[in-house]
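Position chain R relative to chain L; hints supplied.
First to last, the sequence lines map onto chains L and R.
When we follow this note's numbering, the leftmost residue of the first sequence carries the number 1, and every step to the right adds one.
When we follow this note's numbering, the leftmost residue of the second sequence carries the number 73, and every step to the right adds one.
Because the hints were derived from the structure by calculation, they are not lab data.
It is possible that some hints are incorrect.
Stated by the list, open to error - Cβ-Cβ distance ranges computed for the label pairs, FRET-style:
1. L:G70 <-> R:A89: 19 to 25 Å
2. R:M73 <-> L:R5: 43 to 49 Å
3. R:K76 <-> L:Q8: 19 to 25 Å
4. R:I84 <-> L:G70: 18 to 24 Å
5. L:Q8 <-> R:T77: 38 to 44 Å
6. L:E66 <-> R:Q112: 36 to 42 Å
7. L:P27 <-> R:R101: 30 to 36 Å
What the hints assert, rightly or not - Below, a list of computed lysine-lysine pairs in the DSSO-like style, where the Cα atoms sit at most 30 Å apart:
8. R:K119 <-> L:K58
9. R:K119 <-> R:K76
10. R:K76 <-> L:K58
11. L:K58 <-> R:K74
12. R:K74 <-> R:K119
Claimed, not checked - Covered by chain R, according to a simulated footprint, are these stretches of chain L (three or more residues, beta-carbon under 8 Å):
13. 16-23
14. 27-38
15. 49-59
A virtual CB, placed ideally from N, CA and C, is assigned to each residue, including glycine.
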Amino acid sequence: MVGGRLAQTPIGDVLAGGVTAVGPRTPLIEGIRLMRARRLAALPVVRGDELLGVLTEKDLLGLLAEVADGSS
Amino acid sequence: MKLKTLVKRPAITADDAMPIRDARALMLRHGVPCLPVLRQNELVGQKEW
Numbered sequence: 001m002v003g004g005r006l007a008q009t010p011i012g013d014v015l016a017g018g019v020t021a022v023g024p025r026t027p028l029i030e031g032i033r034l035m036r037a038r039r040l041a042a043l044p045v046v047r048g049d050e051l052l053g054v055l056t057e058k059d060l061l062g063l064l065a066e067v068a069d070g071s072s
Numbered sequence: 073m074k075l076k077t078l079v080k081r082p083a084i085t086a087d088d089a090m091p092i093r094d095a096r097a098l099m100l101r102h103g104v105p106c107l108p109v110l111r112q113n114e115l116v117g118q119k120e121w
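Isolated chain L (complex conformation) (with noise of 0.2 Å):
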C-alpha cells in the first residue's frame, strides 16, 4: 500500500524517462511486437501530440477471442 509523502508525490515526478508510443496507421503487428519487446501491458496511440487512446492486452485477446470466433 502506498502511503505517506510518497503517495501525495505528483505522478509526473516519478515517470521513467521517454514515452513508447505509436500513431494511428502504424500496423496492428508492429505494436505488438513492440508491446513484447518493451514488456508493456498498454500502448499509447498518438497523433503529434495527441492521445487517441490506449492498446491494452485485454484488446488484443478480445481480437483474438473474435478471430477465433471467425467473427473478425
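Okay, now just chain R, sitting in the frame of chain L:
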C-alpha cells in the same frame, strides 16, 4: 489491420500533477493496466502497475 481500429476512446489519463495515490485509485477504479500521463494535454509518459 491498423491500430486505430482497435484503440478505445477516451483513454483514462492523468495529469502529471496528480498525486500517485489518486493515480493508482483511478487505475483501480477503471480497471486499466496503464495510465498515460499528460502535461498540458501532451503525452509525457505512462505508468503501469
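Is K119 (chain R) within 30 Å of K76 (chain R), Cα to Cα? With Cα atoms ~22 Å apart, K119 (chain R) and K76 (chain R) stay inside 30 Å; holds.
Taking the Cβ atom of M73 (chain R) and the Cβ atom of R5 (chain L), is their distance within the range 43 to 49 Å? Once the Cβ atoms are compared, 45 Å apart, the range 43 to 49 Å for R5 (chain L) and M73 (chain R) holds.
Are the Cα positions of K74 (chain R) and K119 (chain R) separated by 30 Å at most? 24 Å, holds
Holds or violated: K119 (chain R) and K58 (chain L), Cα atoms, limit 30 Å. 17 Å, holds
Can you confirm whether chain R covers the segment 49-59 of chain L, using C-beta to C-beta distances below 8 Å and requiring at least three such residues? The restraint on the segment 49-59 of chain L holds, since 11 of its residues have a Cβ under 8 Å from chain R and three suffice.
Quick check: does the Cβ-Cβ distance between P27 (chain L) and R101 (chain R) fall within 30 to 36 Å? 32 Å, holds
In terms of beta carbon proximity below 8 Å, does the segment 16-23 of chain L have 3 or more residues touching chain R? holds (count 7)
CB-CB spacing for A89 (chain R) and G70 (chain L) relative to the 19 to 25 Å hint: Check failed, 47 Å falls outside 19 to 25 Å.
So does E66 (chain L) sit 36 to 42 Å from Q112 (chain R), Cβ to Cβ? 37 Å, holds
Quickly compare the C-alpha distance for K76 (chain R) and K58 (chain L) to 30 Å and report which way the hint goes. Holds, at about 15 Å.
Taking 18 to 24 Å as the stated bounds, is the beta-carbon spacing between I84 (chain R) and G70 (chain L) within them? Cβ of I84 (chain R) to Cβ of G70 (chain L): about 31 Å, so the range 18 to 24 Å is violated.
Given the hint that K58 (chain L) pairs with K74 (chain R), does the C-alpha gap stay at or below 30 Å? 17 Å, holds
Of the hints listed earlier, those the structure fails to meet are numbers 1, 3 and 4, in rising order.
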